[in-house]
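**Q** Full structure from sequences and hints, please.
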Amino acid sequence: MKTLEDLLLEDAQAHLDDDFFTARVMGALPAPAPRASWWKALLILGSTALGGLLAALFAPSGTSALQGALDLATSHYLTPSALAVVATAITLAIAGAVLASED
Amino acid sequence: MPPAASATDAELILAVLERDDRNAFAQLVNRHQSRIRTLLRRLTKGDTAAADDLAQETFVLAWKNLRHFRFEARFSTWIYRIAFNAWQSEARKKREVLLDDPDEAVFVDESRADLPDAASIIDLGRALATLSDGERAAIAACYYGDLSHEEAAQALGIPLGTVKTHVLRAKAKLRARLTGKDAT
Chain A
1 MKTLEDLLLE
11 DAQAHLDDDF
21 FTARVMGALP
31 APAPRASWWK
41 ALLILGSTAL
51 GGLLAALFAP
61 SGTSALQGAL
71 DLATSHYLTP
81 SALAVVATAI
91 TLAIAGAVLA
101 SED
Chain B
104 MPPAASATDA
114 ELILAVLERD
124 DRNAFAQLVN
134 RHQSRIRTLL
144 RRLTKGDTAA
154 ADDLAQETFV
164 LAWKNLRHFR
174 FEARFSTWIY
184 RIAFNAWQSE
194 ARKKREVLLD
204 DPDEAVFVDE
214 SRADLPDAAS
224 IIDLGRALAT
234 LSDGERAAIA
244 ACYYGDLSHE
254 EAAQALGIPL
264 GTVKTHVLRA
274 KAKLRARLTG
284 KDAT
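Chains as they are written, first to last, in the working numbering: chain A, 1 to 103; chain B, 104 to 287.
Each hint should be verified, as a subset may be incorrect.
Simulated coverage check for chain B against chain A, where a stretch passes if three residues somewhere in it have a Cβ under 8 Å from a Cβ of chain A [unchecked claim]:
1) 135-146
2) 151-159
3) 163-169
4) 224-233
In case anyone wonders, no lab produced these hints; they're calculated from the structure.
A virtual CB, placed ideally from N, CA and C, is assigned to each residue, including glycine.
**A** Here it is in structure tokens:
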């Protein structure tokens with residue numbers, strides 16, 4: 001003979017097969033958070049800096065960042081040094097904007 | 104490395120919190136799905152589709168709030184509370200849920216008295232569906248949720264005395280239904 005207590009416990013402990021329920025829950029979870037992007041930032045800024053360094057190394061003699069800054073300050077915008085400084089600044093700004101938009 | 108099948112709930116939770124380990128969470132879901140789904144099936148009067156939707160919502164909420172889990176409590180107790188809240192909130196969208204309906208009638212606990220041989224789980228399911236929201240929730244919490252009366256009172260947000268009254272009254276009604284002594 002069963003008691004009400006037995007029947008309640010039996011019902012509560014009866015095992016329900018998963019029947020893809022776990023898969024359904026896992027599919028409904030929020031997407032994984034993006035991984036920490038410090039290495040990505042390092043990669044973008046590092047490659048930009050490397051590109052700038054290579055450009056400076058292979059630039060015609062007399063071209064330098066200092067000279068470019070001086071040329072820009074004296075309104076000589078189209079000298080090779082001034083153009084190199086402007087190009088580097090634009091590249092860094094674009095890299096920064098890309099990183100900011102991903103955050 | 105995936106967590107071992109024998110890992111405790113606490114170890115699986117740590118794996119989720121520290122490594123965002125979805126396999127560990129899948130193990131937790133698989134381990135607790137049966138009781139959560141059964142609990143919700145009883146609370147929803149046997150509506151298996153609604154119960155499974157609520158069970159899914161329960162586990163998704165657990166995932167989102169796992170960092171708030173306090174390790175001194177059992178994971179099962181914590182997730183039962185989430186399940187009760189999900190059920191109450193869903194039920195309130197459809198109608199008023201009265202968990203604290205006052206009734207001064209006194210009932211004697213005869214739950215250990217024998218039932219007729221023919222009494223089955225199916226009959227029990229039907230009988231549970233005829234209880235009031237408060238009675239069904241109290242029975243579900245104490246038997247299906249394996250909560251103490253105190254934990255059930257906390258989970259349901261009603262006084263301890265009300266839980267005890269609900270449980271006694273529910274058992275008297277269930278017994279009456281299952282023995283055919285119910286006049287209604």
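**Q** Would you mind marking each hint as holding or not holding in the structure?
**A** Results of checking the hints against the structure:
For the region 135-146 of chain B, the stated coverage by chain A is satisfied: 7 residues place a CB nearer than 8 Å to a CB of that chain, which reaches the threshold of 3. Under the rule that three or more residues need a Cβ within less than 8 Å of chain A, the assignment of the region 151-159 of chain B holds, with 3 such residues. Restraint check on the region 163-169 of chain B versus chain A: 3 residues with Cβ-Cβ distances below 8 Å, three needed, restraint holds. Counting residues of the region 224-233 of chain B whose C-beta lies closer than 8 Å to any C-beta of chain A gives 3; at least three are required, and the coverage claim holds.
Comparing the model with each numbered hint stated earlier shows that all of them hold.
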